Amino acid sequence: MAFIDYYNVLGIQKNASTDDIKKAYRKLARKYHPDLNPNDQEANTRFQQINEANEVLSDPDKRKKYDQYGEEWKHAEQFEQARQSQQQAGRSEQRFSGDAFSGSDFSDFFESFFGEKPRGSGGRQAQFRGQDYSSELQISLREAYETHQHTLSVNGKNIRITVPAGIANGQVIKLKGQGGPGANGGPAGDIYITFVIAEDADFKRLNDDLYKTVELDLYTAVLGGDTTIETLSGKVKLKVAPETQIGTKVRLKGKGFPVYKQEGKFGDLYVTYSVKIPTGLTEKQRALFKELSEL
Amino acid sequence: MLPEDVILVEDYCLKYQIEHAFVFSLEEYGLIELVVVEAQKCIPLHQMQAIEKFSNLYYDLNINLDGIDAISHLLQKIEVMQDEIRLLKSKLSLYTIPV
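Protein sequence lines, in the order shown, are assigned to chains A and B. With UniProt numbering, letter number 266 in the first sequence gets 266, and the count goes up by one each step, no holes. With UniProt numbering, letter number 75 in the second sequence gets 75, and the count goes up by one each step, no holes.
These aren't lab readings, by the way, just hints derived from the structure by calculation. Just so it is clear, the structure is predicted and the values come from calculations on it, not from any experiment. Glycine included, C-beta positions come from ideal geometry on N, C-alpha and C. Be careful, since some hints might not be right.
[Unchecked claim] Under the rule of at most 30 Å between Cα atoms (straight-line distance), these lysine-lysine pairs were calculated in the BS3-like manner: (1) K174/A x K89/B; (2) K89/B x K235/A; (3) K249/A x K284/A; (4) K265/A x K204/A; (5) K91/B x K235/A; (6) K253/A x K235/A; (7) K290/A x K239/A; (8) K53/B x K157/A; (9) K41/B x K53/B; (10) K31/A x K77/B; (11) K31/A x K65/A; (12) K89/B x K212/A; (13) K249/A x K89/B; (14) K22/A x K62/A; (15) K176/A x K53/B; (16) K176/A x K15/B; (17) K204/A x K77/B; (18) K89/B x K64/A; (19) K41/B x K15/B; (20) K249/A x K261/A; (21) K204/A x K157/A.
[As the list claims (entries may be wrong)] Pulled from the structure, derived: some chain A residues nowhere near chain B, Cβ distances all over 10 Å: (22) R26; (23) R30; (24) K64; (25) H148; (26) K253.
Work out the full structure: start from the sequences and follow the hints.
In structure tokens form, the structure reads like this:
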């Protein structure tokens, strides 16, 4: 685990005053606060770093310890123990009081250096409401087609959820009260799950409609006939009109994606025809095509 | 007896240690909607998340109410744009061949 230069994170000098730290923190927090940067994971990570730097540098004791050991932080505990035994203090080593309610996740570096997780960054409100967690759940298009159960792990806690059919890519579901526990009798936080629906090799989805390309052989395209296509609800036999052109679209009503939380309602499936030109022609076939071309 | 889906402004402020004036200012700016139940101003539960977010901005980040108002409009725009991007990406994917 790498050393983190908290002064660098806040963009301040080592001799910065408490006021400078506060100002720098406020300025950066305004820039990267999650409430001001919705769905921006990079800003979120940056905000956690800023919070962590502020947590250390705004606390005189923690700052002193951090300044004292700096890059030698890995040996900080050993130095501390040696110093304490010399003083024969006989009292237990002081640890920074942890709080189940942490404003954000802190780095391994922080925990190694300062022990338990710290309180949220002086947050007035952090003393009450539990932390919100967010998680991403990747499912396939075919999974999203049907209502199903899914188990996922958020902050070490296994959660079983029912994913309703028709869930959209990027859709966020809130699990109320399933986040971090509140403090002082405050309510627990929430869990926000963002669904990421993986691309499917056969179907493209746009809202509740599905799109699929079906390859016809040349003879069916020219002369017409039947073709069987795979939909998400099973196989469907289609009549192909004679002289069907490449790019012809056919709409199959109700064969698309289920409409979210509207049972029995489905979008449409749009089939686009492409035509496969035969290869490896026999002499006879070649002669017949030539004959056709000269007609 | 108050309905279950509202909380008295007074109780909320006491619990979360924020000023009444702040909540009423949010209402004046049109950032939240309060309801009157039995002649007392109450916060509907669905507004609590918004109040919490605005409290963060006001108390933790020192942003004044004019700033919060402006930010709130911009955040709404960002949300609309993010939805639009998502939809456009989804449309664009119709023209790309999956690998």
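Exercise. Enumerate the violated hints, using their earlier numbering and listing them in ascending order.
Key: 3, 18, 21, 22, 23
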